[in-house]
Amino acid sequence: MTDTASSLQAPRALRRAIPPDEAAARVKRRYASERLFKRLGFGALAVTAVFLVTLLTAIIVKSLPAFTEHRAVLDVLVDASIVDPDGKRDPNVLRAADYGSLTRTAIAAAIPGIEGRTPRKALNGLISSGAGDDVRTQVLANPNIIGTTIKTPLLFSADVDLYLKDDAIRQTTLPGAFDLTPSGLNGEITLTAVQPDAFSQLIKDLEQAGVARDADAGAHVLTPRDASRMISLNGGMVKIEKVTPTTVTGPALLPLTSVDTAKANAWAQLIYEQPESRRRVTDQEAVFIDKLKSSGAIERGFNFRFFTSGDSREPELAGIKGALFGTALTLLVTLALCLPIGVLAAIYLEEFAPKNRLTDIIEVNINNLAAVPSIVFGLLGLAVFLNYFNLPRSAPLVGGLVLALLVLPTIIIAARAAIKAVPPSIREAAIGLGASQQQAVFHHVLPLAMPGIMTGTIIGMAHALGETAPLLMIGMVAFIVDVPSTVTDAATVLPVQIYLWSDLPEAAFQQRTAAAIVVLLGFLFAMNGAAIWLRNKFERRW
Amino acid sequence: MDLSAVERIESARVAHITSNAKPAKVLARDVNVHYGDKHALKDVNVEIPDRGVMAFIGPSGCGKSTFLRCINRMNDTISTCHVTGKITIDNQDIYDPSLDVVQLRARVGMVFQKPNPFPKSIYDNVAYGPSIHGLTANKAEMDEIVQTSLEKAALWNEVKDRLKDSGTSLSGGQQQRLCIARAIAVNPDIILMDEPCSALDPIATAKVETLIDELRTNYCIIIVTHSMQQAARVSQRTAFFHLGTLVEEDSTQTIFSNPKDQRTQDYITGRFG
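Chains D and P supply the protein sequences, listed in that same order.
The first sequence begins at 80 in the numbering used here and counts up by one.
The second sequence begins at 11 in the numbering used here and counts up by one.
Hints should not be assumed to be uniformly reliable.
[As the list claims (entries may be wrong)] Taking lysine to aspartate or glutamate pairs in the EDC-like style, the calculated list, with each CA pair at most 20 Å apart, reads:
1) P/LYS130 <-> D/GLU618
2) D/LYS434 <-> P/ASP47
3) D/LYS434 <-> P/ASP153
FYI, nobody ran anything at the bench for these hints, they're computed from the structure.
Please put together the full structure from these sequences, using the hints given.
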């Protein structure tokens, strides 16, 4: 009792009277410090939010064009002599036919009168090489359409698609102010004005834009680096290449229908602000596209192909189905290995293993494994699974094995934490009733720990879903067109697909990269959401 | 001390036991318990009779719970715990290596300080013990065991309409009686209670105490309690532990009215603890 008495007196001797103003100042300081901390915390949160929102917005905005595609709705004659020359409707013959020629015929019919090799090539290049495959699919599904003409959408090539999606392309139309006579219908055409100095305004504009008179040619000469100018008259389109005060010369991009003199206001000058050299489509192609657009043959629709086809060298045909299936198969292998091994290891370590130096070492090493860079697991997979066990390269099986190694420590740690969180009173209750240790664990502890284990597993799987580096080491970085159907087929996974596409020069692939990232993020969010939902739903309070 | 001296003491002790009116159910001889380096229980010798309530009292950390947990070998689950000496139940050494600890715990039920029903239905809580020991052949028998156990625990009338509800949805006192019903369902000889009322309010405590009083005609009950009043109310015999030794063991009346040891006297009069 004396002890307590003296310890009570000691602080009383130290205590001094604090004057009221000093006390008030102390309170004020405390409040100020609390306010400062709150503001700093809020600031940190705000910075994080800004980064996150910027990142997500940038990716989503970039990805949006990839989710739609442009198609030319054209009349396609399913020519029996090409598709089914024998008339036997043999599926193998139907499958092997040259459907590309059908689409080429269709587009040539839509824009008639094109002569010369280069313009024809440009015209054929508008339509994707995959458009013929769509026609093949239709023919195989319904051979009765052979010999008839069907109105069907034909997929544009990626450059055309991008051109149609590009809102930055500006076109100006200036109506003609004087009469103009063309020298021909096709090829190089000279347009002559009767009025002297008729093109003085055009020359003035050109000089303003930096086009000087070429003394050798005796005219102002436009190059692909200048804004493209064309004159549309008599149902055709002439590109302006050389300008003198009374004549304009250039190739006919669309053939004219007559050589009659076009009255003022019956023709117009078209200006494409973006120079040809800075576009993915040439003037020739742009004119074809605009012609199709004005005839109403272009439709825009949701890009289902992105989800239903595998990778391709052609951006407009490339999809993520192969990567999605590869990911699913890989994660399936990972889950099948990780969940039982991880949970059993956690149960053994937590409930049965004797606490000694050996289990301590094992525990420390599991925690260390969780921190090992993922590329190291990739190298291990390369050395062990590929080189030693000779498992197939690029296979989801090997990818799953490697990711299982990567995720196993995470799952063991999460499962141990979940098991540890089950109150010992539950264990004691079961053991006190005469349950064996094993019964106590499997009847009571494990069911209660399961939500925690599932949460940890899902988060581990989400980690595996986003993992790229170790898969590069085992060859899952290859260009694979086919959708994998077994775990030993060559495959790639979503993050690696993103990595592959991000490396390609085509602008359309950049949009597809962003779209694939959006899909990957969607899966990650869904998985993390599922983990949170599980945690909230099964969270127990004892 | 030569061997004959040991034998003399032993025979005197046996004479003492046999002279006792009730035969000992639980017999402890020179029980020592170490937690690692800590010597938690020193040379405890006690005989606990069948049918009745034995209370263990003493200040915190005196070893009474440790000794209680030796009787159904719950201490086995603590890896650092080391028990020496001999404890017999019905003359059978419970630390005999050939003895199956699961069967021992089926005979020695336990009720814990904090009510710890399984987060399952009330029915499943009671049915769990019989099911793991295979005491029933069919659902009807199980229903009967569940009902009689809950009736014995004076809980049947309160829960008979909601047997499918979670055991954790009951009040604290009901949960503790559910834990008692759960222990009874295995049909043990002995029920160990480790401060069963310390987490309960006075009304729930009174109900549990009434229940203990009813159960003593059929079971050997050993209760650890911090409350001397509770020991006085429910027990017929009381043992006082202090600093790991069993200081004194006698009829409850004697302990509370006329203790032989000064430490017991000091404790029950509130000088320490």
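Now the hints, each set against the structure:
In summary, the hint linking P/LYS130 to D/GLU618 is supported, as the alpha carbons are separated by about 14 Å, within the 20 Å threshold. At roughly 17 Å between alpha-carbon atoms, D/LYS434 and P/ASP47 fall within 20 Å of each other, so this suggested pair holds. The hinted pair formed by D/LYS434 and P/ASP153 fails the criterion: a straight-line CA distance of about 42 Å is larger than 20 Å.
Hint check: a violation occurs at hint 3 only; the rest are consistent with the structure.
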